[in-house]
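The hints should help you fit chain B onto chain A, whose structure is shown.
Letter by letter, the chains look like this.
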Amino acid sequence: MSSPSAVVTGARELTISQAVNEALAEELRRDPTVFLIGEDVAEAGHPFKVLSGLVDEFGPERVIDSPISEAGITGLGLGAAITGMRPVVDIMFGDFLTLIMDQVVNQAAKIHYMSGGSLKAPLTIRTTLGASRRSGAQHSQSLHAWVAHIPGLKVCLPSTPADAKGLLKSAIRDDNPVVVFEDKMMYTVKGLVPDGDHLVPLGLADVKREGEDVTVIATSSMVHVALSAAGELERDGISVEVVDPRTIAPLDRATLVASARKTGRVIVVDEGHQSYGASAELAAVIAEDAFWYLDAPVMRFGAMDVPIPFSPVLEDQTVPTPERVAEAALRLLGKGR
Amino acid sequence: MPTEVIMPALGMAQETGKLVRWIKNEGDTVTKGEPLMEIETDKVTVEIEAPANGVLGGISAAEGEDIPVGRAVAYVLAAGEDLPQVVAVPAAAPVQSAAPAVAPTTNGSSTTVEPSGRRVLASPKARRLAREHGLRIEDLKGTGPHGAIQAADVVAQDAPRVASAQPVTSNAWKTMADRMQQSWRDVPHFFLERELDATRLNSWRDMIRRRPGYEKVTHTDLLIVVCAAALVEHPRVNATWRDGAVQYQDSINVGIAVATEESLIVPVVHGADRLELKAVAQSRGDLVARARDRKLRPADVSDGTFTISNLGMFGVDAFHAIVNTPQAAILAVGRILDRIVAVDGEPAVRPTMTVSLSFDHRVVDGAEGARFLDTLAALVEEPAGLVR
Numbered sequence: 065m066s067s068p069s070a071v072v073t074g075a076r077e078l079t080i081s082q083a084v085n086e087a088l089a090e091e092l093r094r095d096p097t098v099f100l101i102g103e104d105v106a107e108a109g110h111p112f113k114v115l116s117g118l119v120d121e122f123g124p125e126r127v128i129d130s131p132i133s134e135a136g137i138t139g140l141g142l143g144a145a146i147t148g149m150r151p152v153v154d155i156m157f158g159d160f161l162t163l164i165m166d167q168v169v170n171q172a173a174k175i176h177y178m179s180g181g182s183l184k185a186p187l188t189i190r191t192t193l194g195a196s197r198r199s200g201a202q203h204s205q206s207l208h209a210w211v212a213h214i215p216g217l218k219v220c221l222p223s224t225p226a227d228a229k230g231l232l233k234s235a236i237r238d239d240n241p242v243v244v245f246e247d248k249m250m251y252t253v254k255g256l257v258p259d260g261d262h263l264v265p266l267g268l269a270d271v272k273r274e275g276e277d278v279t280v281i282a283t284s285s286m287v288h289v290a291l292s293a294a295g296e297l298e299r300d301g302i303s304v305e306v307v308d309p310r311t312i313a314p315l316d317r318a319t320l321v322a323s324a325r326k327t328g329r330v331i332v333v334d335e336g337h338q339s340y341g342a343s344a345e346l347a348a349v350i351a352e353d354a355f356w357y358l359d360a361p362v363m364r365f366g367a368m369d370v371p372i373p374f375s376p377v378l379e380d381q382t383v384p385t386p387e388r389v390a391e392a393a394l395r396l397l398g399k400g401r
Numbered sequence: 017m018p019t020e021v022i023m024p025a026l027g028m029a030q031e032t033g034k035l036v037r038w039i040k041n042e043g044d045t046v047t048k049g050e051p052l053m054e055i056e057t058d059k060v061t062v063e064i065e066a067p068a069n070g071v072l073g074g075i076s077a078a079e080g081e082d083i084p085v086g087r088a089v090a091y092v093l094a095a096g097e098d099l100p101q102v103v104a105v106p107a108a109a110p111v112q113s114a115a116p117a118v119a120p121t122t123n124g125s126s127t128t129v130e131p132s133g134r135r136v137l138a139s140p141k142a143r144r145l146a147r148e149h150g151l152r153i154e155d156l157k158g159t160g161p162h163g164a165i166q167a168a169d170v171v172a173q174d175a176p177r178v179a180s181a182q183p184v185t186s187n188a189w190k191t192m193a194d195r196m197q198q199s200w201r202d203v204p205h206f207f208l209e210r211e212l213d214a215t216r217l218n219s220w221r222d223m224i225r226r227r228p229g230y231e232k233v234t235h236t237d238l239l240i241v242v243c244a245a246a247l248v249e250h251p252r253v254n255a256t257w258r259d260g261a262v263q264y265q266d267s268i269n270v271g272i273a274v275a276t277e278e279s280l281i282v283p284v285v286h287g288a289d290r291l292e293l294k295a296v297a298q299s300r301g302d303l304v305a306r307a308r309d310r311k312l313r314p315a316d317v318s319d320g321t322f323t324i325s326n327l328g329m330f331g332v333d334a335f336h337a338i339v340n341t342p343q344a345a346i347l348a349v350g351r352i353l354d355r356i357v358a359v360d361g362e363p364a365v366r367p368t369m370t371v372s373l374s375f376d377h378r379v380v381d382g383a384e385g386a387r388f389l390d391t392l393a394a395l396v397e398e399p400a401g402l403v404r
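Each protein sequence line maps, in turn, to chains A and B.
Okay, so the first sequence: first residue is 65 according to my numbering, each after it adds one.
Okay, so the second sequence: first residue is 17 according to my numbering, each after it adds one.
Next comes chain A alone, as it looks inside the complex (with noise of 0.2 Å):
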């Protein structure tokens, strides 16, 4: 069920990595068809401590350390999912995604239709993605642009505690299989989260921040470096309206056109590489669906076309920043600086 959670009777102020560890608990404890899998997710907690104590609640057989093989455990997870069960794997880094392709594209992501609908795969995929973790080329990619691409996969790109648990349940609830993708550098991230089964539905976009002059969307992190150039060009008199979509697959385009009709200017901000990206299918949205109502053209800003660095000062440079959105977004306006 999509809905907003039934019973609201607060708030709490978690982490996302809190957060994300309630949505397993929480489903864990509601569906014992719920399991997870993956490297260093029941001792260790995971790597970024995102997992820990679950494997005290829900034991080790529930909570599964599995051998260095994504593809191996991914391929289990979907067998697991066609026969009844609704795993949880966790890729560590979504660079690993390369590894298990075959498993997502060409299996879990076709299976229900090639079945004729008589299979489902409600397979989660729990990674990451984002830079500036001075982790190197090979563990700091956001290739969530890959999973969006193919029919069948769901791609949820939350980018607060109360997205990054309810995008979760929804995930673990949805009988297709959605890949998850969270921020390595957001797991500290604080917000309110409402008390209750917080669910997020798939497909529905959010507005972080209401504004006339410019809309910015954008995705995960990135709704944070909006929401600072937003702040930063409040002090210029510039009104700024960020919108996360939450989910690049399913796509809320009619939230994105109506902010982008109204305002009449876009950004598109998300930390994949810029080019081919989901910055590109976001941007060809709005000049389909909004071309009569811009005043300026649409732009986008992604990682730069480059591997990640490991050199911080250079990492720096390739992701987008508060103050290159704020910039452009003068720009727009002609008021360049």
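Among these hints, one or two may not hold up.
Restraint-style ranges between C-beta atoms, simulated for each label pair [as the list claims (entries may be wrong)]:
no., chain 1, residue 1, chain 2, residue 2, range
1, B, His149, A, Phe374, 51 to 61 Å
2, A, Leu163, B, His149, 55 to 65 Å
3, A, Phe355, B, Gly150, 18 to 28 Å
4, A, Ala351, B, Arg152, 21 to 31 Å
5, B, Gly150, A, Lys254, 46 to 56 Å
FYI, nobody ran anything at the bench for these hints, they're computed from the structure.
We treat Cβ as the ideally placed atom computed from N, Cα and C, and that holds for glycine.
Same frame as chain A, but now just chain B:
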């Protein structure tokens, strides 16, 4: 001697003509009879043909300029001929940069800014807003990047421009406005209306359309023939009020009101009473097409003695038209529709149309108008005598 290309006088009282565009450019070889330029008078847009064979040179009028009739705007030079001295001076001394901006140049390009050249930089939103506000994007000034017109430029310029938002009112529209105002002010109008049975008119059209050469006959064509025949019997309706007296006309010239993009215009089928239906249809088709293409010649819109205005195709049941002075009457035609009428004391369904005649009471009184309408009605309801 070079042959002058002059701004011709196309109408009696015409003082200037507007040069709409040059069809040929400076330095082009032209043949006598080939269109050189397009000019607009108060009534029509006309192509002016080359008066001789040769090379077009010494262009001294810019597009959009109003030029006194009779003035030379260019020359056609035969082999070995030079431009007359007065024009040749700036052309022969291009280094003297003091030459005025409108001086002819020798490189063949017009001195005016080409309006159809680069696309105006404007955002999609600005274009939409301009369209919604009835503004031409070309008339706006942009303050965006690279001078692009943005929404704010449209909004900023719209307020003061509202009053003058349509500076492009064409001469043809102004002429129509003046004439309608003058007619409504000066002509004592009265109106006669009657619902006619169109059964026979319909069958006449359906039958005649099967004949080769008649495939495109319209109700309007039939009405031209009908009106012309009625006017033969009622020359008073074909007359005009001039200098305090009724003046009869020598010929019956039936005008057709045509709505074009820029104005209402009334091309005329001359001698309609003497034309066979096929010729009427051809003439009307040709005139309407040229009216829409702005290709009417002055003669096409001159000397009308009676006008038909048909709004049936717009679903209008009946309307009253303003007399097209100096004519004495105009026929307003509504749509033909199956309606319930009494036939021999019983309700029956018949195709009917309501026609309304507007008269200049100085020329035609009510009784004469009614007699004309009766003749017209009889011919519409039983056109047998006209069918050949």
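**Q.** List of violated hint numbers, smallest to largest
**A.** none
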